[in-house]
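Q: Kindly produce the complete structure, drawing on both the sequences and the hints.
Each residue of the sequence shown is one higher than the one before, counting from 3 in the working numbering.
Hints are computed from structural coordinates only; laboratory data are not their basis. Here the structure is a predicted model, which is why all the values come from computation and not from measurement. Among the hints, erroneous ones may be present.
[Stated by the list, open to error] Subject to a maximum C-alpha distance of 25 Å in a straight line, what follows is the list of computed DSS-like cross-link-like pairs (lysine-lysine): (1) K94 / K105; (2) K107 / K93; (3) K94 / K107; (4) K49 / K37; (5) K92 / K105; (6) K37 / K23; (7) K76 / K92; (8) K114 / K125.
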Amino acid sequence: QLEEERAFLRSKTQSLDEEQKQQILELEKKVNEAKRTQQEYYERELKNLQSRLEDEVTQLNEAHSKTLEELAWKHHMAIEAVHSNAIRDKKKLQMDLEEQHNKDKLNLEEDKNQLQQELENLKEVLEDKLNTANQEARIL
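A: This is the structure we're talking about:
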């Protein structure tokens, strides 16, 4: 009877061992499936993050390009404004110089006329003195 019990217990132990092995195999299978599912999830998330990153980089590049274009346009407009102001200042300076030239020319003409008048007056005075001197010389 002991032998029967031993055989029974051995059989039951083998049966339990087999059942435990099956449970362990099932658990390992579930763990591996969970790992695979987790790995797939992480890979999908990584792809999503990479895609988002690429989109953000593209948007940043576009914004950067737009900012550079705006800056270049503002720079161009500033250069045009400076150029326009320089042309305006040059024209004003030319007008001022021309006006000053005309004033100087008028002053010189007035001085010339005044000197000619003084010369004429001196000429008349000298002619009168010469005539007087000639008359006195004839008298003598």
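Q: What hint numbers does the structure not satisfy?
A: Hints that this structure does not satisfy do not exist here, as all of them hold.
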